[in-house]
Amino acid sequence: MPDSLLPIRIRNLRLIKGDRAVLDGVNLTIEELGITVIMGSNGAGKTLLLRCLHGLIEPDQGQITLGNLTVADSRDQQAMVFQHPVLLRRTVLQNLAFAVPDIAKADPQQLLAALDSVHLADRANQPARMLSGGEQQRLALARALLSKPALLLLDEATASLDPASVLLIESLVKAQSKRGTKVILISHDQGQGRRLADEVVFMSGGQVAEQSPADQFFTEPRTPVAEAYLAGKILF
Amino acid sequence: MPDSLLPIRIRNLRLIKGDRAVLDGVNLTIEELGITVIMGSNGAGKTLLLRCLHGLIEPDQGQITLGNLTVADSRDQQAMVFQHPVLLRRTVLQNLAFAVPDIAKADPQQLLAALDSVHLADRANQPARMLSGGEQQRLALARALLSKPALLLLDEATASLDPASVLLIESLVKAQSKRGTKVILISHDQGQGRRLADEVVFMSGGQVAEQSPADQFFTEPRTPVAEAYLAGKILF
Amino acid sequence: QSTTSTQNSGLYDYLLPMAEEATGVKVNIVAVGTGQAIKNAMRCDGDVLLVHSKPDEEAFVAEGFGEKRYDLMYNDFVIIGPESDPADVASAPDVVEALQRIQQTGAKFASRGDDSGTHKKELALWREAGIDPEGGSGRWYLETGSGMGATLNTGVSLGAYILSDRATWISFANKQDATIVYEGNPALFNQYGVTPVSVDKCPTVNRQAAQAFTQWLVSVAGQSAIAAYQLNGKQLFFPNANQTKPDN
Amino acid sequence: MNALAEALRLIVTLDADLFEILWLSIRVSLIALAISAVISLPLGTWLAITRFPGRKVVILVLNALMGMPPVVVGLMVYLLLSRSGPLGWMGLLYTPTAMIIAQVVLITPIIAALSHQVIENLHQEYRDTFYSMGVTGRRAIVAYLVDARFALTTCILAGFGRAIAEVGAVIIVGGNIDHLTRVMTTAIALETSKGNLTLALALGAVLLTLSLLVNALVIGVREYAAKRQYA
Amino acid sequence: MNALAEALRLIVTLDADLFEILWLSIRVSLIALAISAVISLPLGTWLAITRFPGRKVVILVLNALMGMPPVVVGLMVYLLLSRSGPLGWMGLLYTPTAMIIAQVVLITPIIAALSHQVIENLHQEYRDTFYSMGVTGRRAIVAYLVDARFALTTCILAGFGRAIAEVGAVIIVGGNIDHLTRVMTTAIALETSKGNLTLALALGAVLLTLSLLVNALVIGVREYAAKRQYA
Ligand SMILES: Nc1ncnc2c1ncn2[C@@H]1O[C@H](COP(=O)(O)OP(=O)(O)OP(=O)(O)O)[C@@H](O)[C@H]1O
Ligand SMILES: Nc1ncnc2c1ncn2[C@@H]1O[C@H](COP(=O)(O)OP(=O)(O)OP(=O)(O)O)[C@@H](O)[C@H]1O
Ligand SMILES: [Mg+2]
Ligand SMILES: [Mg+2]
Numbered sequence: 001m002p003d004s005l006l007p008i009r010i011r012n013l014r015l016i017k018g019d020r021a022v023l024d025g026v027n028l029t030i031e032e033l034g035i036t037v038i039m040g041s042n043g044a045g046k047t048l049l050l051r052c053l054h055g056l057i058e059p060d061q062g063q064i065t066l067g068n069l070t071v072a073d074s075r076d077q078q079a080m081v082f083q084h085p086v087l088l089r090r091t092v093l094q095n096l097a098f099a100v101p102d103i104a105k106a107d108p109q110q111l112l113a114a115l116d117s118v119h120l121a122d123r124a125n126q127p128a129r130m131l132s133g134g135e136q137q138r139l140a141l142a143r144a145l146l147s148k149p150a151l152l153l154l155d156e157a158t159a160s161l162d163p164a165s166v167l168l169i170e171s172l173v174k175a176q177s178k179r180g181t182k183v184i185l186i187s188h189d190q191g192q193g194r195r196l197a198d199e200v201v202f203m204s205g206g207q208v209a210e211q212s213p214a215d216q217f218f219t220e221p222r223t224p225v226a227e228a229y230l231a232g233k234i235l236f
Numbered sequence: 001m002p003d004s005l006l007p008i009r010i011r012n013l014r015l016i017k018g019d020r021a022v023l024d025g026v027n028l029t030i031e032e033l034g035i036t037v038i039m040g041s042n043g044a045g046k047t048l049l050l051r052c053l054h055g056l057i058e059p060d061q062g063q064i065t066l067g068n069l070t071v072a073d074s075r076d077q078q079a080m081v082f083q084h085p086v087l088l089r090r091t092v093l094q095n096l097a098f099a100v101p102d103i104a105k106a107d108p109q110q111l112l113a114a115l116d117s118v119h120l121a122d123r124a125n126q127p128a129r130m131l132s133g134g135e136q137q138r139l140a141l142a143r144a145l146l147s148k149p150a151l152l153l154l155d156e157a158t159a160s161l162d163p164a165s166v167l168l169i170e171s172l173v174k175a176q177s178k179r180g181t182k183v184i185l186i187s188h189d190q191g192q193g194r195r196l197a198d199e200v201v202f203m204s205g206g207q208v209a210e211q212s213p214a215d216q217f218f219t220e221p222r223t224p225v226a227e228a229y230l231a232g233k234i235l236f
Numbered sequence: 001q002s003t004t005s006t007q008n009s010g011l012y013d014y015l016l017p018m019a020e021e022a023t024g025v026k027v028n029i030v031a032v033g034t035g036q037a038i039k040n041a042m043r044c045d046g047d048v049l050l051v052h053s054k055p056d057e058e059a060f061v062a063e064g065f066g067e068k069r070y071d072l073m074y075n076d077f078v079i080i081g082p083e084s085d086p087a088d089v090a091s092a093p094d095v096v097e098a099l100q101r102i103q104q105t106g107a108k109f110a111s112r113g114d115d116s117g118t119h120k121k122e123l124a125l126w127r128e129a130g131i132d133p134e135g136g137s138g139r140w141y142l143e144t145g146s147g148m149g150a151t152l153n154t155g156v157s158l159g160a161y162i163l164s165d166r167a168t169w170i171s172f173a174n175k176q177d178a179t180i181v182y183e184g185n186p187a188l189f190n191q192y193g194v195t196p197v198s199v200d201k202c203p204t205v206n207r208q209a210a211q212a213f214t215q216w217l218v219s220v221a222g223q224s225a226i227a228a229y230q231l232n233g234k235q236l237f238f239p240n241a242n243q244t245k246p247d248n
Numbered sequence: 001m002n003a004l005a006e007a008l009r010l011i012v013t014l015d016a017d018l019f020e021i022l023w024l025s026i027r028v029s030l031i032a033l034a035i036s037a038v039i040s041l042p043l044g045t046w047l048a049i050t051r052f053p054g055r056k057v058v059i060l061v062l063n064a065l066m067g068m069p070p071v072v073v074g075l076m077v078y079l080l081l082s083r084s085g086p087l088g089w090m091g092l093l094y095t096p097t098a099m100i101i102a103q104v105v106l107i108t109p110i111i112a113a114l115s116h117q118v119i120e121n122l123h124q125e126y127r128d129t130f131y132s133m134g135v136t137g138r139r140a141i142v143a144y145l146v147d148a149r150f151a152l153t154t155c156i157l158a159g160f161g162r163a164i165a166e167v168g169a170v171i172i173v174g175g176n177i178d179h180l181t182r183v184m185t186t187a188i189a190l191e192t193s194k195g196n197l198t199l200a201l202a203l204g205a206v207l208l209t210l211s212l213l214v215n216a217l218v219i220g221v222r223e224y225a226a227k228r229q230y231a
Numbered sequence: 001m002n003a004l005a006e007a008l009r010l011i012v013t014l015d016a017d018l019f020e021i022l023w024l025s026i027r028v029s030l031i032a033l034a035i036s037a038v039i040s041l042p043l044g045t046w047l048a049i050t051r052f053p054g055r056k057v058v059i060l061v062l063n064a065l066m067g068m069p070p071v072v073v074g075l076m077v078y079l080l081l082s083r084s085g086p087l088g089w090m091g092l093l094y095t096p097t098a099m100i101i102a103q104v105v106l107i108t109p110i111i112a113a114l115s116h117q118v119i120e121n122l123h124q125e126y127r128d129t130f131y132s133m134g135v136t137g138r139r140a141i142v143a144y145l146v147d148a149r150f151a152l153t154t155c156i157l158a159g160f161g162r163a164i165a166e167v168g169a170v171i172i173v174g175g176n177i178d179h180l181t182r183v184m185t186t187a188i189a190l191e192t193s194k195g196n197l198t199l200a201l202a203l204g205a206v207l208l209t210l211s212l213l214v215n216a217l218v219i220g221v222r223e224y225a226a227k228r229q230y231a
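Residue numbers (my numbering), protein chains in the order written: chain A, 1 to 236; chain B, 1 to 236; chain C, 1 to 248; chain D, 1 to 231; chain E, 1 to 231.
Please keep in mind that the hints were generated in silico from the structure rather than gathered at the bench.
Do not rely on the hints blindly, as some may be mistaken.
To be verified - The calculated DSSO-like cross-link candidates involving lysine-lysine, where the alpha carbons are at most 30 Å apart (straight line), are:
| id | chain 1 | residue 1 | chain 2 | residue 2 |
| --- | --- | --- | --- | --- |
| 1 | C | K201 | C | K26 |
| 2 | E | K56 | D | K227 |
| 3 | A | K148 | B | K148 |
| 4 | D | K227 | A | K17 |
| 5 | D | K227 | B | K105 |
| 6 | E | K227 | A | K105 |
| 7 | C | K121 | C | K54 |
| 8 | C | K39 | C | K120 |
| 9 | A | K233 | B | K148 |
| 10 | A | K105 | A | K148 |
| 11 | B | K174 | B | K105 |
| 12 | A | K233 | B | K174 |
| 13 | B | K105 | A | K174 |
| 14 | B | K17 | E | K227 |
| 15 | E | K56 | A | K17 |
| 16 | A | K178 | B | K233 |
| 17 | A | K148 | A | K174 |
Stated by the list, open to error - Example chain B residues on the side facing chain D (calculated, C-beta under 10 Å, incomplete):
| id | residue |
| --- | --- |
| 18 | I8 |
| 19 | H54 |
| 20 | G55 |
| 21 | P59 |
| 22 | D76 |
On a predicted model such as this, the values are computed, not experimentally measured, just so you know.
Glycine included, each C-beta is placed from N, C-alpha and C at the ideal position.
This is chain A alone, in the form it adopts within the complex (with noise of 0.2 Å):
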């Protein structure tokens, strides 16, 4: 198991786009390994914040460390799968063998059972890209669980998925988290939020919220935008 990537810290992050601040003074700790949730409107600024702790994207201003690590030097323990995920124009095996090529040539068998685990062992040698909605999105879960990672980031990664699919992802994901994975997870999902988070993270308008234990969060939000959110109410 690699070394931890805890605790997570992310001072006053800012990000601007156009004359927007879309990340507009981000401080947020993260201390404990388990599931952490980020919730929070469309445009809120989930998807940049995971961005950024990625190292996809770099903030306008601010500081993110992992552990005593940058950023940067912490990018190969870290692995994300994206709410749109990219599939390479191979096979749905060859995408797996990509990913991780010293797995591939040490152990194919691993790569077989990774496809199984997410039900695409039939699969293995379609072109990935024919693959629907919710197929992808398994594919890429797998692609990223594969790499063993201390932190994994996951952008909506069920939103396409059919119940039955959602409870499997779900059960891999706590499985990995249990191993020692720090999670962290954007989902519009309340009922994913109930059964996975240990924490929530409540962003909007760029900036964090809220953060609370996962029971007090959907019980009694201690801020009235998330108690809207929670409600549905609508607040654009």
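Given chain A, put chains B, C, D and E with the ligands in place with the hints provided.
Same frame as chain A, but now just chains B, C, D and E with the ligands:
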């Protein structure tokens, strides 16, 4: 209001990809206006069926008629929102204007109103591809509604929306349905199904397994596969 | 290195197999304008130089690039023009008068304008005629800056007069309505020379082969081979190695 | 390096002849490029988005025509425009117009084939959406050209490069006549045939500089537009 | 149309000389293409996916070099290989090798600039995923080349077209020596200067047919591979 495209008759639709029958003899008749929700596991063939209906895919076998029209003849009375909407490399407003050039010329105010209805009015002049995932889906829906279709096809149109946006979109879709537009909608969200569906079509393995009124489907589905699906049981 | 006119006339296709058989030397021809041929040879990119601009060739030898220049053969220049001959060149008493008529009637004249042997010859003739054609450049005096064949293509298509060597003209296929309108004046003779490149300046030269080829060309065998070469029933080149040269 | 000094002198003193030649080069190539773009970009796009029997053959031929020897193009245009040719009555042979025609013939397949490829990639992405919105024909072509404009500049620059560097065709139909149809490339060929290699090279450097400027301008505009759009 | 008949006769009788010339044309161009592809495809890819100061300038220069006049390339290679030049001792001037070198110089910028554009488009799509998977350097370049292989064939065919059609450079460094360095284009130029326009055109048609065959082969292989993959 355009001519009714009802009843929609799908007869023995088959589609072969590689050596799999991904649509394996679909038979379906939709007689009534209102909202039909298609549910089913990932890879069941929901998207493919919708694409056949919209004329994007030529099936290998079988026929589709809408009212007394063929798919091709009915196309300009249909609108579709894709699972991953594709936006032009233009601004938000230009994306709308491009979709309905006549309206854009005659009554540009209407475009702004449409943007406002999905709460994107203040984004009118931003590049559309810079919107967040949920914002893009709202824009795609506004685009589809503007053409005032007789048949509206939605493929997981709310999959990555926040709860408020989901309710917003649902209300827009309901309103459009009230105005006489037939809506066919794919969703994995059972809550959404309950809120919207007048009838449910359940697909499994490239076939229609069940077609029931919504009340009945969610309380006592007639087929074991549907029952297992609703319970989130794995049945790959 | 060789001038183009000899290649276009097909002389090499006829001559080389005989030379190779006689001397056992494999000869490769790089056909470019006289000016370029000389400069290429100065860079040692050739073993034998076969061109037609005597003063330049002599300078080439004088500067030590060539071993010795041999007269090889001659042919003559002709003036090509449209059959209708608008400037009535055909009846001119001499070349000078012919050129003057062209200039005075405002007929077009296509010049190679490429510093080639033919071009130099043409400029010398203009000088004799007391005309500075450069003044009409782009209007009636058209400098094509190209080889003989390309200039003939251009000139013939434009209905212009052209100074050409006879060999190239006879073998030229795109004659259209053009014909020889003036010929036979001694001022129009065209002397070819052959010069092996010097080993002193260019140690890489294949001296033996160069000498063998040159010697064969000026030998009785080579000379009679040249004399025997005919195209469309006409003799193109008149061998004159080691003979009294025609004046010029 | 006498010739180098000579070339420098020509440039520094803004030699009238050199500038006449340069100006003709750029004028002919840009006009040819403009005409060709108007033909080839819609053609390439149309081929990328339409399906009809024989389409593959057309694309194949277009690709093969990228390898059309300039001399052959020159000859064909020559025969067309020559006094005894079908268009001989127009008297275009050995004029800049003839050179433009030859260049258009030469670069149109190139831009069409390359833009076809670029648009084909975009089409994979847009196809379903355009189909769904009923966007076809001229509207679709325009939309593709607009949305692919950044990638298309490279195709256009490739066409420009071929046009400005081209000598085989323009020398046949233009004739390299001084003060009339002499362009940079034919001037370079002439200096080469005179053996003035250094001057020829210097002229080549001038031409390359020119080509660099045009490219810098086009790419600069593209970058500026892209930045404004995604700022 | 005597010359046409002549050309037909040459082809039908499988004239040895014609086939020697054809074979040399294709051999020189294909070898040049292969060498150039090995250089230019990774170069174009690298430029599309790496960011370093001065990168834009390199791309600009590459684009401008698409407009490098063949005669200039020919001259530079000539001066390099000339017996008094720096590489003169290799004795390569007026050999097919010299022609290959000139063509490599000529088409490398073209393939690099075009492939840069193709890969840049793919990079927009793959960038985040590759970053996330830590795919960089040589692995990334190879992956891009593999995944863009279908679009890249058009770039390569453009390079092939330029090579096979090219005359200005090969005539300078090859010398158009019969049975040694005479290729189709220089043969066409020679026949043109002899005024044998119809024969020249017929040879041009032969060359185009050849080019068509090569293109058909390449595109055929591409289609076959694409079909197998997405069947
Ligand atoms: N490159 C960009 N240029 C301009 N604005 C941008 C850019 N990227 C993102 N934004 C804006 O920043 C805001 C936050 O985007 P982000 O993708 O983080 O939202 P999100 O919280 O993930 O929303 P969703 O739930 O819809 O995915 C959005 O309003 C979006 O329009
Ligand atoms: N072009 C294709 N080639 C091969 N197989 C395909 C192709 N398109 C779709 N499929 C397969 O057809 C099956 C049905 O696909 P479809 O997209 O209709 O599923 P779906 O029911 O919409 O699933 P999801 O809920 O994940 O979106 C999938 O297994 C998919 O892999
Ligand atoms: Mg997001
Ligand atoms: Mg689907």
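To see whether the hints hold, each was checked on the structure:
1. The hinted pair formed by C:K201 and C:K26 meets the criterion: a straight-line CA distance of about 23 Å does not exceed 30 Å.
2. For a cut-off of 30 Å, the pair hint linking E:K56 to D:K227 stands: about 14 Å separates their Cα positions.
3. Restraint check for A:K148 and B:K148: not satisfied, since their Cα atoms lie roughly 49 Å apart, outside the 30 Å limit.
4. Between the alpha carbons of D:K227 and A:K17 the distance comes to roughly 12 Å, so the proposed pair stays at or under 30 Å and holds.
5. The suggested pairing of D:K227 with B:K105 holds, with an alpha-carbon distance near 28 Å, which does not exceed 30 Å.
6. Straight-line distance between C-alpha atoms of E:K227 and A:K105 comes to about 28 Å, which keeps the hinted pair within the 30 Å bound.
7. At most 30 Å may separate the alpha-carbon atoms for a hinted pair to count; C:K121 and C:K54 meet this at roughly 11 Å.
8. Distance restraint check for C:K39 and C:K120: the Cα-Cα separation of roughly 16 Å lies within the 30 Å cut-off, and the hinted pair is therefore satisfied.
9. A C-alpha spacing of about 27 Å is found between A:K233 and B:K148, which places the hinted pair at or below 30 Å, so the restraint holds.
10. Restraint check: the Cα-Cα separation between A:K105 and A:K148 comes to about 16 Å, which is no more than 30 Å; the hinted pair holds.
11. As the CA atoms of B:K174 and B:K105 are separated by approximately 28 Å, the hinted pair is consistent with the 30 Å bound.
12. At roughly 18 Å between alpha-carbon atoms, A:K233 and B:K174 fall within 30 Å of each other, so this suggested pair holds.
13. Note on B:K105 and A:K174: the hinted pairing is violated, with a Cα-Cα distance of about 54 Å set against a maximum of 30 Å.
14. For the hint pairing B:K17 with E:K227, the CA-to-CA distance comes to about 12 Å; that is within 30 Å, so the pair holds.
15. For the proposed pair E:K56 and A:K17, the alpha carbon gap of about 23 Å is at most 30 Å, so the pair holds.
16. With a C-alpha separation of about 23 Å, the suggested pair A:K178 and B:K233 falls inside the 30 Å cut-off, and the hint holds.
17. About 14 Å separates the Cα atoms of A:K148 and A:K174, which keeps this hinted pair within 30 Å; it holds.
18. Residue-level restraint check for B:I8 is violated (minimum Cβ-Cβ distance to chain D is 17 Å; threshold 10 Å).
19. The beta carbon of B:H54 is positioned within 10 Å of a beta carbon in chain D (closest approach about 6 Å), and the interface hint is therefore held.
20. For B:G55, the interface hint holds, since its Cβ comes within 10 Å of a Cβ in chain D; the closest pair sits about 7 Å apart.
21. Nearest Cβ of chain D to the Cβ of B:P59: about 16 Å, over the 10 Å cut. The hint is violated.
22. Satisfaction of the interface hint for B:D76 is found here, the shortest Cβ-Cβ separation to chain D being roughly 5 Å, below the 10 Å cut-off.
In this structure, the hints that do not hold are numbers 3, 13, 18 and 21, in rising order.
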